[in-house]
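Undergrad: The sequence shown: position 36 = 36 (the working numbering), numbered continuously.
Since the hints were derived computationally from the structure, they do not count as laboratory data. A hint or two may mislead.
Claimed, not checked - Derived EDC-like pairs (lysine to aspartate or glutamate); straight-line CA-CA distance at most 16 Å: (1) LYS116 x ASP64; (2) LYS156 x GLU138; (3) LYS116 x GLU65; (4) LYS116 x GLU146; (5) LYS116 x ASP77; (6) LYS156 x GLU65.
No experiment lies behind these values; they were computed from the predicted model shown.
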Amino acid sequence: MGMSVTISVATERDAEQIFRLQYLCFQSEAALYGNYRIAPLVQTLESVRAEVASDCVFVARLGDEVVGSVRGSVTEDGAASIGKLCVHPRLQGHGIGARLLRTAEAALVEERGATKFRLSAGHRSEGTLRLYRRVGYETVGTTQGEDGVPMIVLEKQAAAGTYAATATA
């Protein structure tokens, strides 16, 4: 009998597990770009704690273990910035990332008034880009990360009222 993965709001107690999971998950991205100074790998535990306290942060749990995470915040123009989506490598490909993303979108609309969503992924991160496009994001431009990695910027409009049902699915 297996346990099911649940999605919930992250608490301060989750910060260390999120920090460790993020470090594990973004190793493959770092290798893809030959750059181990990408933002998720150099972020401090204190910074993760601050994000958990101020942003919309959700975790996926398998029992007591945090196996996925996502963060989002809303900018002054009403756009929600979503980032650091990660799922433990052993559980990737099972829809957990999409569930986390939908849950963050719902909260950002309902709790913070987001009118659109914006995220980015490295230009070589084909799996991540495929996920984002599958859930409705479209490329709107490119930028360069602070770490020098070329990034593709994607957006989609928030459709108020459509996310609440998917957040619990």
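Undergrad: State for each hint whether it applies.
TA: We went through each hint and held it up to the structure:
Of the supplied pair hints, the one linking LYS116 and ASP64 is violated, its CA atoms being roughly 33 Å apart against a limit of 16 Å. This hinted pair checks out: LYS156 and GLU138 have alpha carbons roughly 6 Å apart, not beyond 16 Å. For the suggested pair LYS116 and GLU65, the alpha carbons sit about 31 Å apart, so the restraint of at most 16 Å is broken. For a cut-off of 16 Å, the pair hint linking LYS116 to GLU146 is broken: about 23 Å separates their Cα positions.
For the hint pairing LYS116 with ASP77, the CA-to-CA distance comes to about 9 Å; that is within 16 Å, so the pair holds. With a C-alpha separation of about 31 Å, the suggested pairing of LYS156 with GLU65 is violated against the 16 Å cut-off.
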